[in-house]
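S.K.: Letter by letter, the chains look like this.
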Amino acid sequence: MASIREKQVLALKRMLNFNTPPTKSSSAEPQWKVLVYDRFGQDIISPLLTVKELRELGVTLHLNLHSDRDSIPDVPAIYFVLPTDDNIRRICQDIQNQLYDSYYMNFISAISRQKLEDIAQTAIQCNCVQQVSKVFDQYLNFISLEEDMFTLRNLDKELSYYEINKGDVKDTEMEQIMDTIVDSLFSVFVTLGTVPIIRCPRGNAAEMVAEKLDKKLRENLRDARNSFFTTDNIQAGQFSFQRPLLVLLDRNLDLATMLHHTWTYQALAHDVFNLLLNRVEIEESIEVKGPAGNMMIKKKKKSYDLNPSDRFWEKEKGSPFPQVAEAVQEQLETYKTHEDEIKKMKSAMGLEGDDEVAFSMMNDTTAKLTSTVSSLPELLEMKRLIDMHTNIATAMLEHIKHRKLDVYFEMEEKMMSKALLDKSLMDIISDPDLGTPEDKVRIFIIALICGPPMSDAEIDQYCVALTGANCEVAPISFIRRWRAYNKMNAAPSQYGGGGTTTVGMFNKLMNKSSQFLMEGVKNLVIKRHNLPATRIVDGLMESKTLQEIEDYRYFDPKLLRSDSSSVPRNKSPFQEAYVFMIGGGNYIEYQNLIDYAKSKSSSSAGQKRIVYGCSQLVNASRFLEQLGHLGQEM
Amino acid sequence: MSCRDRTGEFLSACKVLQTRQINGAIQRPSHPLKQRSEFTQIAKRIGRDLANTFTKLEKLTILAKRKSLFDDKPVEIQELTYIIKQDIASLNKQIAQLQQFVQHHKQQNGKHLQTHSNTVVVSLQSKLANMSNDFKGVLEVRTENLKHQKSRREQFSQSNAMSMHPSTVGSREKSVLFEDEATYGGASGGGDFVMNMDGSSKHQQQQQLIDQQDTYIEDRANTMQSIESTIVELGSIFSQLAHMVKDQEEMVQRIDTNVEDTEMNIEAAHGEILKYFQSVTSNRCLIDQPPKIRNTLRFLYKIQKIDASCYRFSYIPSRSGPKRERQTMGNNEEDCDT
Numbered sequence: 001m002a003s004i005r006e007k008q009v010l011a012l013k014r015m016l017n018f019n020t021p022p023t024k025s026s027s028a029e030p031q032w033k034v035l036v037y038d039r040f041g042q043d044i045i046s047p048l049l050t051v052k053e054l055r056e057l058g059v060t061l062h063l064n065l066h067s068d069r070d071s072i073p074d075v076p077a078i079y080f081v082l083p084t085d086d087n088i089r090r091i092c093q094d095i096q097n098q099l100y101d102s103y104y105m106n107f108i109s110a111i112s113r114q115k116l117e118d119i120a121q122t123a124i125q126c127n128c129v130q131q132v133s134k135v136f137d138q139y140l141n142f143i144s145l146e147e148d149m150f151t152l153r154n155l156d157k158e159l160s161y162y163e164i165n166k167g168d169v170k171d172t173e174m175e176q177i178m179d180t181i182v183d184s185l186f187s188v189f190v191t192l193g194t195v196p197i198i199r200c201p202r203g204n205a206a207e208m209v210a211e212k213l214d215k216k217l218r219e220n221l222r223d224a225r226n227s228f229f230t231t232d233n234i235q236a237g238q239f240s241f242q243r244p245l246l247v248l249l250d251r252n253l254d255l256a257t258m259l260h261h262t263w264t265y266q267a268l269a270h271d272v273f274n275l276l277l278n279r280v281e282i283e284e285s286i287e288v289k290g291p292a293g294n295m296m297i298k299k300k301k302k303s304y305d306l307n308p309s310d311r312f313w314e315k316e317k318g319s320p321f322p323q324v325a326e327a328v329q330e331q332l333e334t335y336k337t338h339e340d341e342i343k344k345m346k347s348a349m350g351l352e353g354d355d356e357v358a359f360s361m362m363n364d365t366t367a368k369l370t371s372t373v374s375s376l377p378e379l380l381e382m383k384r385l386i387d388m389h390t391n392i393a394t395a396m397l398e399h400i401k402h403r404k405l406d407v408y409f410e411m412e413e414k415m416m417s418k419a420l421l422d423k424s425l426m427d428i429i430s431d432p433d434l435g436t437p438e439d440k441v442r443i444f445i446i447a448l449i450c451g452p453p454m455s456d457a458e459i460d461q462y463c464v465a466l467t468g469a470n471c472e473v474a475p476i477s478f479i480r481r482w483r484a485y486n487k488m489n490a491a492p493s494q495y496g497g498g499g500t501t502t503v504g505m506f507n508k509l510m511n512k513s514s515q516f517l518m519e520g521v522k523n524l525v526i527k528r529h530n531l532p533a534t535r536i537v538d539g540l541m542e543s544k545t546l547q548e549i550e551d552y553r554y555f556d557p558k559l560l561r562s563d564s565s566s567v568p569r570n571k572s573p574f575q576e577a578y579v580f581m582i583g584g585g586n587y588i589e590y591q592n593l594i595d596y597a598k599s600k601s602s603s604s605a606g607q608k609r610i611v612y613g614c615s616q617l618v619n620a621s622r623f624l625e626q627l628g629h630l631g632q633e634m
Numbered sequence: 001m002s003c004r005d006r007t008g009e010f011l012s013a014c015k016v017l018q019t020r021q022i023n024g025a026i027q028r029p030s031h032p033l034k035q036r037s038e039f040t041q042i043a044k045r046i047g048r049d050l051a052n053t054f055t056k057l058e059k060l061t062i063l064a065k066r067k068s069l070f071d072d073k074p075v076e077i078q079e080l081t082y083i084i085k086q087d088i089a090s091l092n093k094q095i096a097q098l099q100q101f102v103q104h105h106k107q108q109n110g111k112h113l114q115t116h117s118n119t120v121v122v123s124l125q126s127k128l129a130n131m132s133n134d135f136k137g138v139l140e141v142r143t144e145n146l147k148h149q150k151s152r153r154e155q156f157s158q159s160n161a162m163s164m165h166p167s168t169v170g171s172r173e174k175s176v177l178f179e180d181e182a183t184y185g186g187a188s189g190g191g192d193f194v195m196n197m198d199g200s201s202k203h204q205q206q207q208q209l210i211d212q213q214d215t216y217i218e219d220r221a222n223t224m225q226s227i228e229s230t231i232v233e234l235g236s237i238f239s240q241l242a243h244m245v246k247d248q249e250e251m252v253q254r255i256d257t258n259v260e261d262t263e264m265n266i267e268a269a270h271g272e273i274l275k276y277f278q279s280v281t282s283n284r285c286l287i288d289q290p291p292k293i294r295n296t297l298r299f300l301y302k303i304q305k306i307d308a309s310c311y312r313f314s315y316i317p318s319r320s321g322p323k324r325e326r327q328t329m330g331n332n333e334e335d336c337d338t
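Chains X and S, in that order, are what the protein sequence lines are. For the record, in the first sequence the residue sitting at position 451 is 451 according to full-length UniProt numbering, with numbers rising by one throughout. For the record, in the second sequence the residue sitting at position 320 is 320 according to full-length UniProt numbering, with numbers rising by one throughout.
Just to be clear, a hint being listed does not mean it is correct.
To be verified - Below, computed lysine-lysine pairings styled on DSS-like, alpha-carbon distance capped at 25 Å:
id	chain 1	residue 1	chain 2	residue 2
1	X	K134	S	K15
2	S	K44	S	K15
3	S	K147	S	K59
4	X	K13	S	K15
5	S	K44	X	K134
6	X	K212	X	K302
7	X	K166	X	K13
8	S	K59	X	K52
To be verified - A few chain S positions that, by computed beta-carbon distances, are all more than 10 Å from chain X:
id	residue
9	T7
10	Q107
11	E272
Quick caveat, the hints were computed from the structure, so don't treat them as lab data. All residues carry an ideal CB built from backbone N, CA and C; glycine is no exception.
Construct the complete structure from the given sequences, taking the supplied hints into account.
M.R.: Next up, the structure:
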């Protein structure tokens with residue numbers, strides 16, 4: 001079955017082909033077009049299609065709606081925007097100015113009748129109704145980053161943890177946030193073409209979203225003429241009797257994971273370099289010859305794309321860092337052997353002309369050369385990827401060493417699994433060499449949430465120490481309140497069976513005198529354990545009886561009458577689950593869920609698929625910022 | 001289909017609005033159906049030709065891939081190959097012309113139109129390059145098949161040929177380098193000859209002589225051909241190399257690697273700062289906090305310098321005219337303060 005990412009790519013391709021299913025690209029007559037998108041449209045497209053792919057689809061120019069665009073009189077334009085007032089106004093302006101030959105409007109989510117009429121009005125005024133060739137609702141209101149991961153907004157403030165949890169949030173604002181989330185989730189399931197069974201905890205944002213989504217799906221299902229989920233809309237072969245489970249969760253369920261230091265490749269990239277829309281930016285220092293002949297170190301920002309098409313990335317993104325470093329090393333070596341082969345061939349070919357071997361080879365050299373040349377692009381691509389991963393890993397290692405992230409990771413894992421600490425928390429906080437102030441706040445908050453209960457006096461004492469270490473204590477005051485509030489309804493001990501083991505450092509990597517000097521960095525191996533979200537998903541998928549999920553609500557939009565009884569009718573285990581975190585998520589949780597799904601698929605019969613989604617992908621420092629805001633507003 | 005077509009709804013909305021409007025507002029005169037520009041027309045034509053050639057190529061591929069010894073259609077393949085060759089050449093010429101056309105009209109067009117036409121040309125070129133590559137591949141397959149067929153034919157007819165004309169094959173002078181081709185040619189040529197000479201034994205001696213010459217010439221032609229194809233192969237390798245360099249460049253890009261974002265942000269920031277500046281100049285805090293103002297002014301001055309260096313903002317200097325005046329005014333005040 002096609003993944004969410006594939007389906008979105010397919011939908012985009014169809015849109016770029018003027019809303020007709022794409023045919024074979026080579027034999028069709030090319031049609032040139034201009035793509036106009038807004039910020040959100042750009043965020044959707046950029047992780048999915050590269051410029052090269054867009055070119056192949058006939059897009060000659062891709063422009064932001066709100067930039068100054070010159071008129072290109074005889075080219076059709078495809079718009080891919082959200083139907084906001086601002087965007088509509090700008091589109092009308094384009095029509096008035098006769099910028100393009102014809103207009104294909106594609107709205108990321110459904111456009112209201114009122115706005116449609118606004119555009120119609122403008123078109124009539126300019127007498128170019130004919131030029132508005134098509135108006136489509138695309139229902140693509142989400143950003144799919146991986147085959148099994150999506151997020152709703154990139155950097156917008158609107159869906160953050162802060163916005164949902166701030167004290168003075170107005171009802172209308174909250175309503176709007178929920179509507180946005182529901183609209184996006186609806187888009188997800190329209191794109192997938194399935195109706196999920198919804199489960200959610202009671203009494204928080206997740207419940208609100210679940211109710212609204214249930215209503216929206218229900219309305220669409222009842223409207224037989226326009227339903228997206230009728231059987232003829234589902235292509236043959238994709239139809240299955242199994243329905244997916246949608247688990248809606250609220251971020252307040254588990255704050256510790258958001259602040260946790262991590263040890264896997266992708267999550268580290270997110271934590272340390274702020275991986276954004278599958279792209280990292282790394283500051284590299286390059287030695288440059290200065291004007292006076294002396295060497296100067298110049299800082300340069302470089303950005304790398306981490307695509308699912310990158311096989312190394314796909315394989316290693318969930319691996320712990322030392323393993324990744326090793327894998328990079330291995331890749332480098334295989335590449336080198338390839339390169340050597342080519343070099344050998346070069347010398348055999350022409351340079352030593354009187355060589356007997358070269359002469360006897362003459363017969364098939366051209367054939368060989370041809371094959372080599374056609375393999376060259378592949379090799380070059382491989383080199384590019386290896387270079388990229390080498391650079392990223394090197395920069396990452398630097399950060400790890402600098403901030404002693406291994407120490408933090410080990411400590412936090414122990415705290416979460418309630419193991420004995422070999423170093424007191426106070427020591428870490430007061431040690432100036434150990435990490436940034438931010439790291440200290442993070443570990444303290446985790447200790448506060450997961451560790452043994454602390455008295456107020458103790459916390460105050462720690463706060464003083466933290467302030468002494470230049471730390472911001474505003475997030476802590478929020479966490480204290482949050483803890484007091486949460487104690488009433490949930491037992492905090494949900495992090496079970498984790499912990500790490502330290503493996504001897506002198507492994508293969510060191511013996512090979514690699515360029516990754518891992519000295520001083522512990523080679524930690526993660527033991528598998530489940531985060532709270534994963535435990536809940538496990539419970540719901542397998543219909544286990546867990547105390548935490550006993551009172552979870554149950555919605556089935558396909559049932560005719562909505563009853564508020566939360567008794568699940570379907571007792572068979574689910575094969576497919578969509579987990580959606582309201583209020584932000586991160587790669588740690590994603591990785592944990594994926595690992596869980598993998599282990600389940602291998603052990604028992606039947607594949608399990610889990611897709612992770614969140615309203616916003618935030619890394620720890622951004623999340624801490626939000627907590628800080630909340631703390632200050634108290 | 002995960003999308004919903006609302007074109008119909010839009011058109012009906014238009015109709016409703018139109019009927020409502022008819023007695024009201026004056027309608028602007030309708031635009032005459034715009035003449036498509038010469039560029040678009042040419043580009044469209046080339047695109048269509050490309051597509052046509054592609055279908056021809058597909059036909060050729062199907063023909064060339066046939067392995068059967070008896071269902072071989074050499075004439076058709078020959079013809080198609082020739083036609084495609086011609087097509088590619090003419091397309092190449094047309095694209096070059098189009099490129100010149102674009103270069104020619106550089107001044108008249110806006111920036112975006114220019115990039116658009118450039119991209120069109122480039123993508124046409126790359127399509128053509130892909131096609132010639134495919135074409136080459138098909139030809140290679142064909143040659144491979146021919147060789148295969150020859151060797152098979154040789155297997156079945158060799159004994160016959162050898163017994164009839166041992167001298168023909170043996171006595172001929174052969175180039176050392178192209179020995180194997182020569183034997184191929186000789187053997188199959190002999191085979192053909194057997195077929196031809198059924199019944200006419202009278203002129204055998206004569207014909208043998210002629211045939212000897214024929215096969216020799218055929219050999220020569222064959223070797224020439226193989227050399228030629230090798231050269232062509234090499235040529236294509238070099239062109240491929242050139243392409244590779246360019247491909248690498250484009251491959252990495254994503255649409256959000258865009259300078260324009262930054263541009264817009266700078267513009268917005270500029271506007272904000274201007275607003276702040278105006279509020280500051282009109283404020284009493286001008287007197288209260290001279291150092292702060294001075295910093296702001298310095299900052300503004302810097303921004304102006306950036307503006308000036310940024311060729312893209314060619315329209316900003318005109319806007320910043322009054323600002324510069326204020327700037328000097330501010331400086332005066334600074335002087336007064338000190």
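S.K.: Is the Cα-Cα distance between X:K134 and S:K15 25 Å or less?
M.R.: holds (15 Å)
S.K.: Verify this label for me: S:T7 is non-interface relative to chain X, using a Cβ-Cβ cutoff of 10 Å.
M.R.: violated (5 Å)
S.K.: Are all C-beta atoms of chain X more than 10 Å from that of S:E272?
M.R.: Consistent with the label, S:E272 stays out of reach of chain X, its closest Cβ about 16 Å off (over 10 Å).
S.K.: When you check the alpha-carbon spacing of X:K212 and X:K302, does it fall within 25 Å?
M.R.: violated (43 Å)
S.K.: Is it true that the CA of S:K59 sits at most 25 Å from the CA of X:K52?
M.R.: The given pair, whose Cα atoms are some 28 Å apart, is violated under the 25 Å limit.
S.K.: CA of S:K44 to CA of X:K134, is that 25 Å or under?
M.R.: holds (22 Å)
S.K.: Checking the smallest CB distance to chain X, is S:Q107 really beyond 10 Å?
M.R.: Given that every Cβ of chain X is farther than 10 Å from that of S:Q107, nearest at about 14 Å, it holds.
S.K.: When you check the alpha-carbon spacing of S:K44 and S:K15, does it fall within 25 Å?
M.R.: violated (33 Å)
S.K.: So if I understand the rule, the pair passes when the alpha-carbon distance is 25 Å or less; does S:K147 with S:K59 pass?
M.R.: Given that 25 Å is the threshold and the Cα spacing comes to 21 Å, the pair holds.
S.K.: Taking 25 Å as the top limit, are the C-alpha atoms of X:K13 and S:K15 close enough?
M.R.: Distance of about 31 Å is beyond 25 Å: violated.
S.K.: With the threshold set at 25 Å, check whether the alpha-carbon distance from X:K166 to X:K13 stays at or below it.
M.R.: Roughly 40 Å separates the two Cα atoms, so the pair is violated.
Going down the numbered hints, you'll see the structure goes against 2, 4, 6, 7, 8, 9, while the others check out.
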